[in-house]
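Student: So the chains spell out like this:
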Amino acid sequence: MIALRALSVVGWLRFARCQIREYATLRNLSTTDNRQLTTRGPLGPRPSMFAAVSLALATLAFAQTTPPPPGPARPIQWPSVIESKLGNGLTVVLVPLHNVPKITAELSFLAGRGTAYKTEPGVAQLAARVANEGTATRTSIEIKQQLRSIGGVLTIGVDNDATTMTASSLADFAPKLLDLLSDVARHPAYPQSEVKLAKTNLAQEIEEQRSTPDFLAQEELDKALFGAHPYGFTVPDPASIKNVTRAALKTFAAAYYAPNNATLVVVGDFEPASMRAEVERTFGSWKRVPLPPAPKVVLPLRDKRQIYVIDRPGSVQSTIIIGAPAPPRRSPDYIPLRTTNMIYGGSFYSRLTRNIREGKGYTYSPYSTANLRRAAGSFETGASVRNEVTGPTILEMLYELDRMRVAPVTAEELESAKTYSIGGMELELEAQSSLASRISSIYIDELPHDFLQTFRDKITAITPAEVQRSAARYFDTYRGAIVVVGDYKQIKDQLAPFGDVKVVK
Amino acid sequence: MKTARLWLAASLLACASANASPADVPVVYDKLPNGLKVVISEAHAAPTVTVAVYYGIGFRVEPKGQTGFAHLFEHMMFQGSEHVKKFEHAKIVEANGGNLNGSTRLDYTNYYETLPSDRVETALWLEADRMRSLDVSDENLKNQQNVVSEEVRVNVLNQPYALFEWLDLWQNANQNWFNAHNFYGDLHDIEAAKIEDVRQFFKTYYAPNNAVLTIVGDVDAAAVRKMVDKYFASIPQQTIPKRPDVSEPAQTKEKRIKQTDKLANVPAFAIGWHLPDQNSADYAPAVLLNLILQGDDGSRFYERLVKEKQISIDWSGGINYDLGNEFDYDGPMLLVSRTLYKPGHTADEILREVDAVIHDLQQKGPTARELADAKVRFRSNYYDALETTAGKANLLAAFALFRDDPSQINKALPLFDAVTAAQIQSVAQKYLVPENRTTIDRVPAAKEEK
Numbered sequence: 001m002i003a004l005r006a007l008s009v010v011g012w013l014r015f016a017r018c019q020i021r022e023y024a025t026l027r028n029l030s031t032t033d034n035r036q037l038t039t040r041g042p043l044g045p046r047p048s049m050f051a052a053v054s055l056a057l058a059t060l061a062f063a064q065t066t067p068p069p070p071g072p073a074r075p076i077q078w079p080s081v082i083e084s085k086l087g088n089g090l091t092v093v094l095v096p097l098h099n100v101p102k103i104t105a106e107l108s109f110l111a112g113r114g115t116a117y118k119t120e121p122g123v124a125q126l127a128a129r130v131a132n133e134g135t136a137t138r139t140s141i142e143i144k145q146q147l148r149s150i151g152g153v154l155t156i157g158v159d160n161d162a163t164t165m166t167a168s169s170l171a172d173f174a175p176k177l178l179d180l181l182s183d184v185a186r187h188p189a190y191p192q193s194e195v196k197l198a199k200t201n202l203a204q205e206i207e208e209q210r211s212t213p214d215f216l217a218q219e220e221l222d223k224a225l226f227g228a229h230p231y232g233f234t235v236p237d238p239a240s241i242k243n244v245t246r247a248a249l250k251t252f253a254a255a256y257y258a259p260n261n262a263t264l265v266v267v268g269d270f271e272p273a274s275m276r277a278e279v280e281r282t283f284g285s286w287k288r289v290p291l292p293p294a295p296k297v298v299l300p301l302r303d304k305r306q307i308y309v310i311d312r313p314g315s316v317q318s319t320i321i322i323g324a325p326a327p328p329r330r331s332p333d334y335i336p337l338r339t340t341n342m343i344y345g346g347s348f349y350s351r352l353t354r355n356i357r358e359g360k361g362y363t364y365s366p367y368s369t370a371n372l373r374r375a376a377g378s379f380e381t382g383a384s385v386r387n388e389v390t391g392p393t394i395l396e397m398l399y400e401l402d403r404m405r406v407a408p409v410t411a412e413e414l415e416s417a418k419t420y421s422i423g424g425m426e427l428e429l430e431a432q433s434s435l436a437s438r439i440s441s442i443y444i445d446e447l448p449h450d451f452l453q454t455f456r457d458k459i460t461a462i463t464p465a466e467v468q469r470s471a472a473r474y475f476d477t478y479r480g481a482i483v484v485v486g487d488y489k490q491i492k493d494q495l496a497p498f499g500d501v502k503v504v505k
Numbered sequence: 001m002k003t004a005r006l007w008l009a010a011s012l013l014a015c016a017s018a019n020a021s022p023a024d025v026p027v028v029y030d031k032l033p034n035g036l037k038v039v040i041s042e043a044h045a046a047p048t049v050t051v052a053v054y055y056g057i058g059f060r061v062e063p064k065g066q067t068g069f070a071h072l073f074e075h076m077m078f079q080g081s082e083h084v085k086k087f088e089h090a091k092i093v094e095a096n097g098g099n100l101n102g103s104t105r106l107d108y109t110n111y112y113e114t115l116p117s118d119r120v121e122t123a124l125w126l127e128a129d130r131m132r133s134l135d136v137s138d139e140n141l142k143n144q145q146n147v148v149s150e151e152v153r154v155n156v157l158n159q160p161y162a163l164f165e166w167l168d169l170w171q172n173a174n175q176n177w178f179n180a181h182n183f184y185g186d187l188h189d190i191e192a193a194k195i196e197d198v199r200q201f202f203k204t205y206y207a208p209n210n211a212v213l214t215i216v217g218d219v220d221a222a223a224v225r226k227m228v229d230k231y232f233a234s235i236p237q238q239t240i241p242k243r244p245d246v247s248e249p250a251q252t253k254e255k256r257i258k259q260t261d262k263l264a265n266v267p268a269f270a271i272g273w274h275l276p277d278q279n280s281a282d283y284a285p286a287v288l289l290n291l292i293l294q295g296d297d298g299s300r301f302y303e304r305l306v307k308e309k310q311i312s313i314d315w316s317g318g319i320n321y322d323l324g325n326e327f328d329y330d331g332p333m334l335l336v337s338r339t340l341y342k343p344g345h346t347a348d349e350i351l352r353e354v355d356a357v358i359h360d361l362q363q364k365g366p367t368a369r370e371l372a373d374a375k376v377r378f379r380s381n382y383y384d385a386l387e388t389t390a391g392k393a394n395l396l397a398a399f400a401l402f403r404d405d406p407s408q409i410n411k412a413l414p415l416f417d418a419v420t421a422a423q424i425q426s427v428a429q430k431y432l433v434p435e436n437r438t439t440i441d442r443v444p445a446a447k448e449e450k
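From first to last, the protein sequence lines are chains A and B.
All the letters of the first sequence, read from the start, carry residue numbers 1 to 505 under the working numbering.
All the letters of the second sequence, read from the start, carry residue numbers 1 to 450 under the working numbering.
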């Protein structure tokens, strides 16, 4: 499709889809619509700037020169979230949503893609990839045929923190869907032939991903910000994949795919009591295991800005990301930073878009994101621009970032960001998949379980001073990293003024 | 919550048969005196509303010699109207808690916003203002020419494969210029557009009698209908030019294209077959045939090429691939397959296996189980398309724009449930033949020494 604005950063889609929860949510605005069929509570007070519509004007239909006021306020209706724990430690969260006769189940394990990467790079990704290619009692093709007969899909993704098995089907077949999900989670068999094929294909996919500038830039930024921490690991070196054994995958699954390491979220058209009984039936006899200790967070400390360049001769654009360290999602700084991000570059009518897109025409796809994870986070802003405006774009980004740090935002900007944040959360209630991943992130990131219910109050309380403090602390590019993927010969002189340049490939 | 209870009851009843329980989308449909089609559908599962305007102009029929103009124009609709300054559309929607976008497709251009449902009137006012009074300057045009040029670079020119599975495939598979030009546009053409072209295009195509206004969400249909009158009824209609002939002469010989790609590391291959007309009896069987061939990673192409022969790394494809779904277009269409394959293998090997899969279907037809599963898969996918207010708005708008009957949203599923194995076999014999297809083999260019 050809759109006014990118719904997702191009080239990233495959790589990012299960990877960055907040990011995906932000960029998947409106979760539309034109999905290929064949392949696969009320708001706060309305912004004061629109308060001045007189009744007289409103009746003069065609002469109306300002937006009409919103309709009468309604009570906020967050979905009912029913939480419980099975005897084996599995956290179960049921969220009825009767939008279409389907259900979506998300089973997530604390097992990120960097788990054990130092000794066995890629083991988490391969374990996830082959888990639905055969169980103790079902072959790969049997799993797929049984899914198809219930209108089902089962995918397994691995992001920084979690391995997530997402399954959906027609609501009529919920028991069958849970049977399949449970079987894949509890009894993956890792047939030798499937392991071998997955290893070959993963190596090829990594070659393919490494031909897209967005992937290269993101991989380099994570390395720069997180160093040897598991978050610094994106994909294994294709040559090393052959060393991962079937035994290692089985060991990995046995250690991490366990009920006391998991959260099961079910969203959709069901009745909670019978769904709870189905979950007990399919997951109740699963045995808990002793869990490996969580990795210690040691983040690299940076005392100056560093520029990393990946040379891509012949590139007709520079792909730029500026990043800086940010706190874990559970930090009290999360909500203010999220709001600060919206004003800077996290919404369409943001300062960044107004400047480098609608003002200067440097780019189609400027963005920013507060990419906060379980153990640590990053603030990131980027754009792809024609070669000759590479330096000017970095200059404008740094200017807009610093402007947020030295002066308060206007009351109008903040009010708008608040309404946008709360409205955006309401929009996530439309789709089973977006609601399921929002609920899952509450558990994976250790947020308060009343996150949705208290979201509006927390957003409403933010002050301009808090926004400025948040920017001062987390938009600190003087201790951040700038990654540029582009034709180095053409952009070299434009980069030099911004700091030390290191050409990494 | 009436709809929700209805579904729950339906799903309890339906346990014995997967074929019951049609999703019931309420539809209120009429036309204003100026020709504007209006569709309103209440949906109370979430406190949101989508307001969408679909104009009956897509890139398929943009002016000759001005490739990419329909899409460039889409950007201009955010550059200001009489009461909404440049880019303020985005400002107002977001300040009301909503999201927005616009997109250009083969046969329509759409503009939509999804908001908390108490803001519905604001969205209607915004859409009416720009339907009535686009107001753009030379400066704003120049700005968006730059933005769109960067869009073409970021999505096409700076990416491996460069969207070859539709941009290049359509240009090579078709003969009629309307189906066979560069839909995204040549940079040269995009940069040559003039402000007079923009104003003329607006006057010609962006009239109420060439549009559908769709409102889906947690609203009262009667109240919304009054708001529609208030804001849209006085917008004057225009004389809409006759649609050019987009029909495509029958292909008589197989076309095989080879391309090199300077940015790719892994070879890719795409196939496009011409599909039967949407109104023909062959269409519903063709849709299910597509699901049997490539509806998921247990279907025939994936099993044969990725799992059994291990030539391909992945497999994807479909009808209106990358651009929409089975219903939201109006004219000639391709069935597309796209795959990345392993170095050391060849396009000939892929085609040999594809032909073997097709040959088997042509000889024996689908199994009873494949047929039943394809129908369930179609139903499940269809519900996905109905899940969000924007998804429902898309289907309702397409049915209103192209068939003047949005209630078809509730009539589609039975058509597919009625398809037989013999029909699918016959469609495979008729359309999945070499002389009806175009292929592109896109291989990495030899890397020069750095």
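Be careful, since some hints might not be right.
[Unchecked claim] Computed list of lysine-lysine pairs in BS3-like fashion (alpha-carbon distance at most 27 Å, straight line):
1. B:LYS309 / A:LYS458
2. A:LYS242 / B:LYS309
3. A:LYS287 / A:LYS250
Rather than coming from a laboratory, the hints here were simulated on the basis of the structure.
Computed from a predicted structure; not experimentally measured.
Student: All hints, please: hold or fail.
Tutor: Taking the hints in turn, this is what the structure says about them:
no.	hint	result
1	B:LYS309 / A:LYS458	56 Å, violated
2	A:LYS242 / B:LYS309	20 Å, holds
3	A:LYS287 / A:LYS250	16 Å, holds
In this structure, only the earlier hint numbered 1 is contradicted, and the remaining ones agree with it.
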